[in-house]
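Letter by letter, the chains look like this.
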Amino acid sequence: MHHVKDSHEWHFATFGHTHVTLPLPVIVYSGDRGLEVFMSSNFQNHETHEFGKEYAHEGYYIDEHDHLGRVDEGSFVELSITKNVVMMFIVMFILAWIALSAAGHYKKNGAVAPKGAAALIEPIVIFVRDEIAKNSIGPKYKKFVPYLITLFLFIWFGNLLGLLPGAANLTGNIAVTCTLAVLTFIITNVNGNKDYWKHVFATPGVPIPMLLIIVPVEIIGLFTKPFALMVRLFVAITAGHIVILGFIALAFIFESYTIGVVSTLMVTFINIIELLVATIQAYVFTLFTAMYIGGAVAEHAHDDHH
Amino acid sequence: MLMSILLTAGYALMGAGIGAGIVAIGAGLGIGRIGGQAMESIARQPEAAGKIQGAMLIIAALIEVVSLFAAVICLLIALNIAGIS
Chain A
1 MHHVKDSHEW HFATFGHTHV TLPLPVIVYS GDRGLEVFMS SNFQNHETHE FGKEYAHEGY
61 YIDEHDHLGR VDEGSFVELS ITKNVVMMFI VMFILAWIAL SAAGHYKKNG AVAPKGAAAL
121 IEPIVIFVRD EIAKNSIGPK YKKFVPYLIT LFLFIWFGNL LGLLPGAANL TGNIAVTCTL
181 AVLTFIITNV NGNKDYWKHV FATPGVPIPM LLIIVPVEII GLFTKPFALM VRLFVAITAG
241 HIVILGFIAL AFIFESYTIG VVSTLMVTFI NIIELLVATI QAYVFTLFTA MYIGGAVAEH
301 AHDDHH
Chain B
1 MLMSILLTAG YALMGAGIGA GIVAIGAGLG IGRIGGQAME SIARQPEAAG KIQGAMLIIA
61 ALIEVVSLFA AVICLLIALN IAGIS
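Those sequence lines, one after another, are chains A and B. Counting from 1, one number per residue, gives the positions in the first sequence under the working numbering. Counting from 1, one number per residue, gives the positions in the second sequence under the working numbering.
These aren't lab readings, by the way, just hints derived from the structure by calculation. Take the hints with a grain of salt, since some may be wrong.
To be verified - Over the 12 Å line for every Cβ pair with chain B, so calculated as not near, a few chain A residues:
| hint | residue |
| --- | --- |
| 1 | Asp-6 |
| 2 | Glu-122 |
| 3 | Pro-123 |
| 4 | Ile-242 |
| 5 | Ala-298 |
Claimed, not checked - Restraint-style ranges between C-beta atoms, simulated for each label pair:
| hint | chain 1 | residue 1 | chain 2 | residue 2 | range |
| --- | --- | --- | --- | --- | --- |
| 6 | B | Gly-21 | A | Lys-198 | 44 to 54 Å |
| 7 | A | Pro-146 | B | Leu-13 | 29 to 39 Å |
| 8 | A | Leu-100 | B | Ser-41 | 40 to 50 Å |
| 9 | A | Val-200 | B | Ser-41 | 28 to 38 Å |
| 10 | A | Ala-96 | B | Ile-73 | 36 to 46 Å |
| 11 | B | Leu-13 | A | Phe-252 | 16 to 26 Å |
| 12 | A | Ile-186 | B | Pro-46 | 39 to 49 Å |
| 13 | A | Gly-221 | B | Ala-9 | 37 to 47 Å |
Every residue, glycine too, gets a C-beta built ideally from N, C-alpha and C.
Next up, chain B with everything else stripped away, as it sits in the complex (with noise of 0.2 Å):
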């Protein structure tokens, strides 16, 4: 019994760091997207390169708070599996 419940306990801390690590690749694949594109127009024309970094730096911030928001909800799991058990 004790086994059974360790082990469910396990396996949610399991799912909350294998969820971080994914969200990691979430965010990393949306900024760096938005990066690229961005290098990829200021090469294109450098004149605008200012704008351009303007809103590549407002979209990084919106892409990178979705990323937080899953990363605070694996907190939370680890945090009240490890004040169960």
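Bound conformation, chain A alone (with noise of 0.2 Å):
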């Protein structure tokens, strides 16, 4: 299980009794003592590599749930670097490193045939800007463009990033998808116009007992679509590592050669799955925060309706 969840220390292998493991840094911040940082090595016993309450340095400890806390009951803000903010800096840099070589090949050749970072990455921009901003989007589709591009790509590296071995599940985590969601939430309310903001307050066409009805449905209804966003990105990838894991972790407790060789065929067969499932992961929930946008920015003629 630990190896689905975050985590203070990056563990790779563990080859009998000697565990090839990357201590991470925790940076505690607290009002008291201020910005304190450490490695995580110095919390966790240096044979076995657990973490404890025993194992307490300089007035923290990690305990066997991997939370941090303070041994005098303080309060403190906690910006560690752990395993998944490790993924996502990678995932960013790999991300910025391709676009601005693209970048760079379009400033030194202008509007050529594109070759190299440029050529990869160009057919995802095309399509993004035509099949998921222009079609749901409508007129006003240029400001958007860029969000949504570094949603996909974001979204889509960091999946399949996550399915190697020996690599941390960074879209798996609650907290990522749930920035994104909020991202997706302050975009599309505040380029919010006028149809939309009327919609949601006072739903035109509908007589006044009704709208105390509705009012507070359509109110729930602007969380409840990120909060859709969130959970869906976060269970369709973190269950899918989770049914990897069990299939492995098969082989492990019926030692027996026949079980291995099914059960490495049906995780190579889970893995391909798994590929597929990460880009149209991706691709949803950059067509459904395109739709939602579509829904905040979209310009209706109503008078001729009612």
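Bring the two chains, given one by one in their own frames, into a single complex with the hints.
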């Protein structure tokens, strides 16, 4: 189970009694002690690499559930660089590298047929711009295309890289998907025009008693849409990882060669399905975001209906 | 007293297991229906096969996520009961 969750150290492999791990920094900010940085290897048993309350260091400890705690029960803010944060930095670095080299190629050569990183990115950018943004948002799509492209590439690369053995599960962390959903919520509502807010608060053509019921439902609907986005991505990726882990664990539980062969085949099959799921979930998140933005900025001609 | 606690934990685990099975039935029904109708429509109009396939994959992913959501809830129940008892 700890392969799926976030952690204060990055555990790659265990050969017999030697653990190959990478301890990650623990950054804590507390009101009375200021900003402090430790390495997480201080908080663990040095042979077995377990965290525990008894390995306290400088007034902080990490317990068996991998939560940071303070020995004297003061308040603190934890800003550590955990496994998922490192994974996010890696994805950011890869995306920035690809994007900057593609942009450099266009700057140097102008509007010619692309080569290299630009050739990798261009079909994806055109796909997001035409199929997703233009179809869903309509005439005002240009403002939102950068956000949609970033969202699609970030989620896609995060999903795909999380499938590699030894990598961390970036989009399977509900805090990450929550942040993406909050960003979508902010962008949708900041760009909502008068028609959009009128639909939420004073739906046209509805008698007043019904309005008392419909307005709270619409307000709740404002929040459930990003919530559904968040849960959908989180569950799809996490459940996929748990299924893969379950099949790998089967081989260890039964300790027989036949089960080992069968479970390896199942794991390969499910990994292929997970590749498909990674792409589809990235596409669905971006498509739904585009649809919500399109709903917010749409201009209807209401006068001829009512 | 211990028997009644164990019995309740047993019922909870059984509930989680049966729940996961029912989730699988639901997902199978939904995605099977989408697949069936997609096959029929491709048979009626083979030129539109690419678009229909694309739409089918997307809707299958949406249904599958709902089923995975319920499966995760069953897993949570099972893990919590195993933690307590």
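Exercise. Okay, which hints does this one fail, numbers in order?
Worked result: Per hint list: 4, 7 violated.
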